[in-house]
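Colleague: Take the sequences, apply the hints, and build the full model.
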Amino acid sequence: MKRSLSWFFTLLFLAAAIGPHLAQDRFPRPEFESAYQRPLTTTPGPAGRILELLDVVLLATALGLTSFFALKKRSRRAIFWLTVFSALYFGFYRNGCVCAVGSIQNVSAALFYPGYVMPLGVVAFFVLPLIFALFFGRTFCAAVCPLGAMQDLVMLKPVKVPSWLSEVLSVVPYLYLGFGVLFAATGASFIICKYDPFISIYRMSDNFGAMLYSAGFVGLCVFVGRPYCRFLCPYGVLLGWLSTLSRKHVTITPDECVVCRLCEDGCDFGHIQKPVVGKIPEPRAQSTKRLSRLVLLIPVMMVAGGWALSQMDVIFARVHPQVQLAEEIVLEDAGLLSETTLETRTFRTAGTPTQELLDEALAIQKKFYFGGWLLGGFLGLVFGIKLIRLAVLPQRAEYEIDNTGCFSCSRCFMSCPNEHVRLGHIDKDWVLNLEEHASKR
Amino acid sequence: MQANDKKLYDLARGAAIVAGIFSLIVCTLMIANFLQTKLQDPVNSKPLEVLLEQLGDDPSNETLQQQIRALDLLSRRAYFVNQWQLRAGAYMLLFGVIVLIAALKTMSNLQTKLPAPEGVPDDHEAWGVSSKARQWLAGLGVFLFGTAVIFAGFSYSELGDDEFDTTAVAAPTAADFLNNWANFRGPGGLGMTPAENPPRVWDISSGDGVKWKAEVPKPGYGSPIVWEDRLFLPGGDNQSLEVYCFDVEDGSLLWQKQVNAPNDGSLKEVRLHHDTGYAAPTMATNGRHVFAIFATGQIVCLDFEGNQIWTQDLGVPENHYGHSSSLLVYENLLIVQYDQSVDARLLALEVATGSTVWRVNREIISWSSPILVDTGNRQELIVTNSKFVESFDPKTGVKYWEVECLDGEHGPTPGYADGIVVAANEYSTATGIRLTDAGAEVAWEYFEGLPDAASPLVTEKFVILGASYGDVACVDAKTGEELWIHEFDQGFYASPILLGNLIYFAEKSGIMHVFEASSEFKSVGDFDFGEKIFSTPAFANGNLFVRTDTYVYCIAKQ
Amino acid sequence: MNDKKEKRTRRDFLRDGLRAIATLLLGGIVGVVVRKLHARDTVWQLDPNICVQCEKCATECVLSLSAVKAVHAHDMCGHCKLCGGYHRPDAKVQDTAAENQICPTKAIKRTFIEDPYYSYRIEEEKCIGCAKCVKGCNAFGNSSLYLQVRHDRCLNCNQCSIAEACPSGAFRQIPAEQAYILKGQQANTWRSRDTA
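Protein chains in written order, with our numbering: chain A, 1 to 441; chain B, 1 to 558; chain C, 1 to 196.
Rather than coming from a laboratory, the hints here were simulated on the basis of the structure. Treat the hints with caution; some may be incorrect.
Stated by the list, open to error - Below 25 Å or equal to it, Euclidean Cα-Cα: the simulated DSS-like pairs (lysine-lysine) are:
(1) K132(B) to K274(A)
(2) K46(B) to K126(C)
(3) K132(B) to K289(A)
(4) K73(A) to K211(B)
(5) K106(C) to K46(B)
(6) K157(A) to K7(B)
(7) K132(B) to K279(A)
(8) K428(A) to K73(A)
(9) K38(B) to K106(C)
(10) K132(B) to K386(A)
(11) K132(B) to K160(A)
(12) K194(A) to K46(B)
(13) K157(A) to K105(B)
(14) K38(B) to K274(A)
(15) K81(C) to K38(B)
Stated by the list, open to error - If you want a taste of the chain C side facing chain A, the calculated C-beta under 10 Å gives, among others:
(16) D16
(17) V30
(18) A73
(19) G84
(20) A91
(21) E124
(22) Q148
(23) S168
(24) Q186
What the hints assert, rightly or not - To give an idea of the interface, some chain C residues facing chain A are shown, with a C-beta separation under 7 Å as derived from the structure:
(25) L26
(26) G28
(27) T42
(28) L63
(29) T111
(30) N158
Just so it is clear, CB atoms sit at the ideal spot from N, CA and C, and this is done for glycine as well.
Modeller: Written as structure tokens, this is what we have:
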């Protein structure tokens with residue numbers, strides 16, 4: 001029943017001799033008779049960590065200089081060289097990490113995720129560009145952001161994206177921001193970093209797929225002006241809000257606009273707004289009705305969005321490795337998986353009770369449920385406000401910069417004849433003639 | 001364009017073409033290089049693996065050794081050169097692209113046309129754009145909402161799945177465990193249960209007193225376990241491993257379940273002795289599910305209908321006789337003593353999932369089984385190996401005490417009653433260990449009738465030891481004083497059990513001896529089953545269950 | 001014209017108000033975040049007591065030659081001739097021949113000290129962080145070999161891609177002033193979570 005009668009002393013001694021010992025003390029540590037000295041493990045310091053403060057100083061300086069060159073000097077050339085500097089320093093030299101765009105996630109994690117510690121430098125990268133935007137517009141985008149710099153430098157023949165399309169696409173950054181915050185706040189993943197199209201180029205090293213993705217995106221940037229900034233960048237959303245409120249902002253011309261139409265195509269990013277003088281070509285009652293309906297629809301859209309995304313908690317939660325692991329464990333235990341994974345094997349060897357993992361995973365799922373409500377509500381609100389904005393016709397007599405979107409890149413300045421007068425290239429009369437010409441129309 | 005500009009333009013165009021071609025070449029080379037690194041990854045070099053395998057078969061082949069060394073050097077060199085080339089290539093490509101872009105930018109700057117807005121301003125243009133954008137935006141919103149709803153509708157969380165209700169499993173009470181025979185040697189693994197009227201007389205050849213007899217399809221020395229109306233047995237040979245469920249009322253085979261061993265292929269390679277076999281360990285149940293472990297190191301959890309709930313593979317043990325330690329259930333934990341010559345361990349698995357709740361690393365091989373003891377103050381899980389008797393907190397695996405008193409290849413499971421633990425082994429001693437507040441201390445030692453496989457039976461007054469050569473010794477449980485020795489013919493592998501005041505002790509040859517637990521040897525009867533008995537009998541609801549070589553018998557209550 | 005000017009000032013007033021609110025909000029966020037602030041920078045490091053030597057450190061790093069390398073706590077080493085971290089488990093002879101070494105890049109240098117002891121040193125520029133030696137040393141030796149993120153190579157990405165792929169959760173961010181989790185005599189206050 002248990003074992004054989006036959007046993008041998010030899011076997012016994014053998015079994016005792018080869019029995020395993022405590023993992024770390026199998027062999028005694030020798031005392032050497034010779035003068036041999038055991039070398040110590042070297043601990044090379046983090047490369048360039050001393051530069052952390054320098055990074056913050058350079059960021060502030062670059063922001064200050066860009067604001068100065070864009071608003072005061074109105075010099076595109078200076079902005080260009082600052083862009084080159086940012087691509088070289090914040091991009092290639094500092095490997096693009098950490099950047100203001102990614103810092104949103106660190107801040108979200110620090111706000112919602114217990115136990116997350118945050119380095120000072122990251123806070124500075126998050127806050128400084130926003131403060132500058134509040135006072136001078138998005139000068140960060142103009143020449144400081146390494147992501148913007150790359151796109152700006154490779155842009156050669158930008159096509160004009162139809163205005164209606166860019167209006168529609170402008171909600172994508174809100175989606176990206178919302179999901180970026182949701183996944184960071186739940187500790188699931190830093191998706192903004194993961195799908196950053198430029199980081200592999202700045203690192204000059206990554207896996208093949210990531211490199212291909214980056215190359216493709218940069219190729220796109222040659223023909224579409226700053227596609228990431230306009231249609232993806234989540235940080236741009238925050239910058240846009242503050243830039244709308246900015247105390248000062250770049251203008252096409254500091255002088256009076258003569259409505260000469262010369263700047264109409266002066267912005268490669270579609271941020272110059274044409275004058276609007278006409279009325280809505282439909283009965284007033286109709287547009288008022290539409291508007292009031294949309295206002296009433298906002299709460300409905302918020303609730304619908306919240307409900308829909310909260311129902312997706314199971315799917316979103318799977319981004320979190322703990323939830324993935326828990327589900328695999330449950331499936332394995334139910335005998336539904338034919339093969340175990342490295343993760344489940346590791347989990348089982350560690351000996352953590354399954355219930356602990358399941359509880360943790362369920363807690364994460366719950367977070368996604370509440371997060372889904374918040375995010376869905378937020379996105380409902382965004383869609384509602386966008387729709388309302390598109391249902392009213394703002395009145396504008398002049399060509400104006402869209403302060404929310406404008407990157408302060410200073411390209412449009414030179415398309416205005418007034419700028420040429422200011423710089424002394426042409427005579428004031430030339431412009432006056434032009435104005436006369438325009439008014440005759 | 002002025003002449004100077006024209007010259008600059010041509011220069012830029014030339015530079016752009018050169019830089020473009022250069023970048024393209026570098027890019028192609030880098031991709032080729034990358035693919036090569038994939039092929040020549042030194043970590044998983046296939047050709048090298050093949051050669052090394054060949055060397056394993058023919059270790060002294062010098063040509064092969066030379067070949068391996070050459071290939072190894074070559075692939076390592078290629079790997080690091082590739083790494084260097086990739087780095088250098090990246091810089092070259094960057095340089096090429098910068099020049100290309102600078103040249104193209106220069107060209108486009110020189111080509112700048114004066115702004116000439118086309119068309120006539122249209123007063124309704126802005127409204128047209130707004131309307132179109134509004135429609136598309138609304139469409140996008142509806143699309144996203146719809147997608148979210150569809151995905152949400154089809155999403156299904158594996159975590160909300162409650163097919164295994166752990167609360168239901170905890171339901172059986174302590175009384176249930178006393179009335180049933182849930183594991184090796186019954187309640188706590190101690191080999192005794194209070195019984196008012198255990199069977200005293202029966203006759204196998206005439207069938208008197210035998211309620212039923214059933215053939216077991218495959219051999220196994222695992223003892224029967226009984227829960228209410230069901231009896232479970234393991235069986236197995238080098239073809240398959242199986243679990244059987246019999247009806248306690250009529251002995252019909254309700255179901256048999258073949259255990260799909262993950263290491264099926266190795267079934268034949270498991271090293272074991274024919275006196276141990278593939279299914280030596282006794283199963284255990286918690287009243288809802290049954291658990292079985294086999295010589296392959298596979299544990300399986302089945303429900304009472306034979307459906308597999310989970311399975312765990314502990315790996316084929318390094319055990320020269322074959323694994324024989326039985327399972328034990330404590331609350332929501334399945335205790336597995338997995339002693340072997342390497343990586344021996346004591347595990348507590350969650351009954352619901354089979355995942356490890358705690359683990360104690362052990363160092364010495366053994367073939368004994370764990371017992372669960374209630375000292376009055378606490379519950380202790382007592383296990384033995386070929387050197388130590390150790391006690392653990394069954395909830396956490398924290399060690400309470402240990403006593404070094406054993407030697408040899410240890411098979412008998414310890415016994416316990418009234419504060420005395422007895423561990424014994426052939427070529428060693430029988431040791432009475434008294435539990436104290438501080439831990440435990442050796443109370444007495446005894447040297448006769450030492451068992452090879454049969455576990456000592458410990459009652460409040462007596463200790464019964466049965467040797468594999470036939471001697472049965474009875475000693476005083478408190479003092480270790482010898483009370484009597486009786487010589488039987490064949491010797492014992494099965495363990496004795498105490499039912500009421502009667503001891504049932506089956507000899508290898510198949511004769512069940514029944515005698516009183518008293519200070520003198522008083523036989524009640526000897527019953528021949530006709531074939532050998534290696535398994536310990538089970539007793540539940542007045543019936544006695546005996547597994548012989550090929551049958552299982554139910555001796556009816558009287 | 002006058003009308004327009006007045007409108008503008010009213011709008012300006014509104015914007016000033018909103019700007020003040022935005023400033024307060026920003027200040028609030030910073031205020032909350034600052035409480036979680038670590039005065040110094042953090043770096044990624046792996047806890048060798050949790051590591052399961054899955055080999056992913058060699059392949060998941062964004063650098064083509066991983067920033068994770070094996071290091072050796074010499075004071076824990078038994079200095080044996082037969083070394084689980086140096087020789088293949090099936091090696092027939094305990095010499096330095098390529099067919100007997102476990103390291104795929106032969107990055108471990110063995111030197112004779114005195115009979116019967118040898119020293120094993122990692123040549124870091126050759127190490128690719130595959131942890132084969134660590135696994136061997138854990139299984140058969142004193143576990144004196146272990147993996148560490150080498151900060152002279154690590155780019156300290158905001159989201160470490162090895163950390164994301166690590167099956168045992170051994171990676172975490174620790175203060176940069178104590179950027180290593182060492183073993184042996186050099187072990188510092190960072191302890192494995194399961195020894196707590």
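Colleague: Hint by hint, where does the structure go against what was stated? Just the numbers, ascending.
Modeller: Hints 4, 12, 14, 15, 20, 26, 29 contradicted; others consistent.
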